[in-house]
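Numbering of the sequence shown is given in this note's numbering, commencing with residue 328 and proceeding in unit increments.
One or more of the hints may lead you astray.
[Claimed, not checked] Calculated pairs, DSSO-like style, for lysine-lysine (alpha carbon to alpha carbon, straight line, at most 27 Å):
#	residue 1	residue 2
1	Lys415	Lys480
2	Lys480	Lys417
3	Lys417	Lys350
4	Lys480	Lys350
5	Lys480	Lys412
Treat the hints as calculated values from the structure; they're not laboratory data.
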Amino acid sequence: MIRKSKAFRGLKPKRQCANNQIKIMERTFVWTGSLLAGIAVIFGALGAHWLRENMSITSLQSFETGVRYQLFHALAILYLAALPKRFKGKLCVASYYLFTFGSLLFSFSIYLLSTSDLTGINFSYLGPVTPIGGLLMISGWLMLFINSIRSFKEV
Numbered sequence: 328m329i330r331k332s333k334a335f336r337g338l339k340p341k342r343q344c345a346n347n348q349i350k351i352m353e354r355t356f357v358w359t360g361s362l363l364a365g366i367a368v369i370f371g372a373l374g375a376h377w378l379r380e381n382m383s384i385t386s387l388q389s390f391e392t393g394v395r396y397q398l399f400h401a402l403a404i405l406y407l408a409a410l411p412k413r414f415k416g417k418l419c420v421a422s423y424y425l426f427t428f429g430s431l432l433f434s435f436s437i438y439l440l441s442t443s444d445l446t447g448i449n450f451s452y453l454g455p456v457t458p459i460g461g462l463l464m465i466s467g468w469l470m471l472f473i474n475s476i477r478s479f480k481e482v
């Protein structure tokens with residue numbers, strides 16, 4: 328009977344390491360997606376009940392746009408977690424980061440810009456941040472598209 332030396336007992340086979348990395352990635356995607364979705368629902372309720380009475384219609388519509396896009400991209404992040412293993416790679420991780428940071432920049436800049444009358448703080452300097460967030464989200468969808476083309480070519 329061959330015994331493994333103590334130096335090699337802690338090492339895991341390459342396949343097991345890859346599976347652990349995928350599990351960690353999936354868990355991160357689910358946590359991020361569910362957190363962003365939960366915040367979107369809270370902000371949506373805030374907009375529907377309290378802000379509706381205290382904001383102009385155009386500001387409220389902008390706020391709702393931020394909520395809508397945040398929720399869409401939170402669901403997209405949850406979708407990334409549910410993809411089969413063959414889709415999980417660098418482009419999938421790139422989509423995750425692009426969706427996450429794009430949602431944060433796009434939606435939260437809209438939240439701050441649309442509530443500036445209520446808070447009395449001028450957030451107009453955040454105006455250029457909104458389209459940057461939008462470009463990041465579009466790039467995330469493009470990465471997901473490229474990832475799907477590559478994955479289906481391998482089959």
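Original post:
Hint by hint, which ones does this structure get wrong, listed from lowest number up?
Top reply: none
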